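Enquirer: Listed below, chain by chain, are the residues.
Protein chains: 2
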Amino acid sequence: MAEAKTADSVIELSFQDSETAKIVYDSLKPEELLPKAARAEIEVSIRENNLSLDINARDTAALRATINSFLRWAAIARDMTKI
Amino acid sequence: MAEAKTADSVIELSFQDSETAKIVYDSLKPEELLPKAARAEIEVSIRENNLSLDINARDTAALRATINSFLRWAAIARDMTKI
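Chains as they are written, first to last, in our numbering: chain R, 1 to 83; chain Y, 1 to 83.
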């Protein structure tokens, strides 16, 4: 029985205002955050106060790890705007 | 600065065959797995060898917790088919 052949996810986060969305967007630069050996690719896009994270992973484990990392970084970036 | 107002995700898992997808699907009964107090709703649907998890959460933390739980259960269900 094989592992999930592919595991993809689109995550939509909507924020109160576009400034906050932009700050979180600027902090989520995939090319800097995702290690070369990552078993997933991610594209982050912004539309007004909404962020979209489009993740394509080789398996469920890689998908879980990538989602966890990016949602944690998004939460940190959002909290930094409170200081 | 507010928390993400809403946090939604669609996760697509494609398996080698529809039997495996069905076994994982049958094991992911949201109404049994998600506690009443969960701050997220999830709909699981199946199409041949593909599972789709549609999650609507109140914030990023609830989204992360729900995704983690369901991907972990999916991995357990998939591994059970190997025995």
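Quick caveat, the hints were computed from the structure, so don't treat them as lab data. Given the structure is predicted, the values throughout are model-derived calculations rather than measurements. Among the clues, some could well be false.
Treat identical chains as interchangeable: a pair holds within one or across any two.
Okay, derived cross-link-like pairs now, BS3-like style, lysine-lysine, Cα gap no bigger than 27 Å in a straight line [as the list claims (entries may be wrong)]:
| no. | residue 1 | residue 2 |
| --- | --- | --- |
| 1 | K22 | K5 |
| 2 | K5 | K82 |
| 3 | K29 | K82 |
Enquirer: Are the hints correct? Go through all of them and say.
Expert: Structure-based check of all given hints:
no.	hint	in the structure
1	K22 <-> K5	between (34 Å within a copy, 15 Å between copies)
2	K5 <-> K82	between (41 Å within a copy, 15 Å between copies)
3	K29 <-> K82	within (20 Å within a copy, 38 Å between copies)
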